[in-house]
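Participant: If you read the sequences in order, they're chains A and B.
Here this note's numbering is used: position 114 in the first sequence is 114, and no number is missing along the way.
Here this note's numbering is used: position 11 in the second sequence is 11, and no number is missing along the way.
Derived by calculation from the structure, the hints in this document are not laboratory data.
There could be a bad hint or two in this list.
[Said to hold, decoys possible] Here are some, though not all, of the chain A residues that point toward chain B, as calculated from beta-carbon distances under 8 Å:
#	residue
1	42
2	102
3	105
[Claimed, not checked] Using 16 Å as the maximum straight-line C-alpha spacing, the simulated EDC-like pairs for lysine to aspartate or glutamate come out as follows:
#	chain 1	residue 1	chain 2	residue 2
4	B	100	A	44
5	B	71	B	54
6	B	100	A	56
7	B	17	B	84
8	B	71	B	5
9	A	52	A	24
10	A	41	A	85
11	A	41	A	84
12	A	40	B	5
13	A	36	A	84
14	A	18	A	67
15	A	36	A	85
16	A	41	B	5
17	B	100	A	96
18	A	40	A	85
[As the list claims (entries may be wrong)] Derived Cβ-Cβ restraints for the label pairs, each shown as a range:
#	chain 1	residue 1	chain 2	residue 2	range
19	B	112	A	80	36 to 46 Å
20	B	10	A	65	27 to 37 Å
21	B	13	A	41	21 to 31 Å
22	A	38	B	1	16 to 26 Å
23	A	98	B	60	23 to 33 Å
Beta carbons are placed, not taken as given, at the ideal position from N, Cα and C, and that holds for glycine.
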Amino acid sequence: ETGVTQTPRHLVMGMTNKKSLKCEQHLGHNAMYWYKQSAKKPLELMFVYNFKEQTENNSVPSRFSPECPNSSHLFLHLHTLQPEDSALYLCASSQDGGRGEKLFFGSGTQLSVL
Amino acid sequence: KNQVEQSPQSLIILEGKNCTLQCNYTVSPFSNLRWYKQDTGRGPVSLTIMTFSENTKSNGRYTATLDADTKQSSLHITASQLSDSASYICVVSGPGTASKLTFGTGTRLQVTL
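All chains, please: the whole structure from these sequences, using the hints.
Facilitator: Structure below.
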């Protein structure tokens, strides 16, 4: 195990639903990330939190809303998603967001939007 | 624009054989390069990290090379095992925070009997 736990592992939702993805890290890290992984595409950075503060929003649509209540927990709230949002959503953490740090990834949430 | 290109896109080899995966990048300036292994249904896990001054680094049966002049890296897998079946992702870091990473699309390796 990498020390980063994501739930749920799989999620199917309609376009009018509201759901949340949860991520928890047990590594004592201070930086947490949300990535989107679509088939045959590179990982896309969505959000970065450093010491609970959002430091990067990579032009993500407002239907994705992150929340970081503390350095160990990260949520991604979803509402009125589109079918093209179907993908694997990965949470990651690193020591303190420094240059070239190793990322520790969770197993991801496989999201299907119908 | 910073880019990382990996080849081949997919590869099938017999168990016990060796293989080499390629990564070419245009990230500049360069800080370091990592290879990650991603098993099906799991998140990526770091295999190796290479900085500008390093040419070769090994992690068990995995050996990564880096040529910073030509901006190329390779990952060589020796005596492949069924458990090596996974996607291998090359990630290049420029200066700045860990969020400034450029990911390749990965090479999907399948090891068969």
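Participant: It remains to establish, for every hint, whether it holds in the given structure.
Facilitator: The hints, checked one at a time:
For the restraint placing residue 42 of chain A at the interface with chain B, the shortest Cβ-Cβ distance is roughly 4 Å, inside the 8 Å limit, so the hint holds. Hint status for residue 102 of chain A: holds, given a least beta-carbon distance of 5 Å to chain B, under 8 Å. A hinted interface residue such as residue 105 of chain A counts as satisfied when its beta carbon comes closer than 8 Å to some beta carbon of chain B; here the least separation is about 3 Å, so the hint holds. A C-alpha spacing of about 11 Å is found between residue 100 of chain B and residue 44 of chain A, which places the hinted pair at or below 16 Å, so the restraint holds.
Between residue 71 of chain B and residue 54 of chain B the CA atoms are separated by roughly 13 Å; this keeps the pair inside 16 Å, and the hint holds. For the given pair, residue 100 of chain B sits about 10 Å from residue 56 of chain A by alpha-carbon distance, which is consistent with the 16 Å threshold. Proposed proximity of residue 17 of chain B and residue 84 of chain B is supported: the alpha carbons are some 11 Å apart, at most 16 Å. With a C-alpha separation of about 11 Å, the suggested pairing of residue 71 of chain B with residue 5 of chain B holds against the 16 Å cut-off.
Among the hinted pairs, residue 52 of chain A with residue 24 of chain A is consistent with the structure: their alpha-carbon atoms are about 13 Å apart, no more than 16 Å. Proposed proximity of residue 41 of chain A and residue 85 of chain A is supported: the alpha carbons are some 13 Å apart, at most 16 Å. A threshold of 16 Å between alpha carbons decides the hint, and for residue 41 of chain A with residue 84 of chain A the separation of about 13 Å falls inside it, so the pair holds. Only pairs whose Cα atoms come within 16 Å are accepted, and residue 40 of chain A paired with residue 5 of chain B is accepted, the gap being roughly 12 Å.
Between the alpha carbons of residue 36 of chain A and residue 84 of chain A the distance comes to roughly 12 Å, so the proposed pair stays at or under 16 Å and holds. With a C-alpha separation of about 15 Å, the suggested pairing of residue 18 of chain A with residue 67 of chain A holds against the 16 Å cut-off. This hinted pair checks out: residue 36 of chain A and residue 85 of chain A have alpha carbons roughly 9 Å apart, not beyond 16 Å. Only pairs whose Cα atoms come within 16 Å are accepted, and residue 41 of chain A paired with residue 5 of chain B is accepted, the gap being roughly 11 Å.
At roughly 14 Å between alpha-carbon atoms, residue 100 of chain B and residue 96 of chain A fall within 16 Å of each other, so this suggested pair holds. A C-alpha spacing of about 15 Å is found between residue 40 of chain A and residue 85 of chain A, which places the hinted pair at or below 16 Å, so the restraint holds. The hinted window of 36 to 46 Å between residue 112 of chain B and residue 80 of chain A holds, with their beta carbons roughly 44 Å apart. Distance hint check for residue 10 of chain B and residue 65 of chain A: the Cβ-Cβ separation is about 36 Å, which falls inside the suggested range of 27 to 37 Å.
At roughly 25 Å, the beta carbons of residue 13 of chain B and residue 41 of chain A sit within the given window of 21 to 31 Å. Distance hint check: the CB atoms of residue 38 of chain A and residue 1 of chain B are about 19 Å apart, consistent with the given range 16 to 26 Å. At about 27 Å, the beta-carbon gap between residue 98 of chain A and residue 60 of chain B stays in the expected band of 23 to 33 Å.
Going down the numbered hints, you'll see the structure goes against none, and every one checks out.
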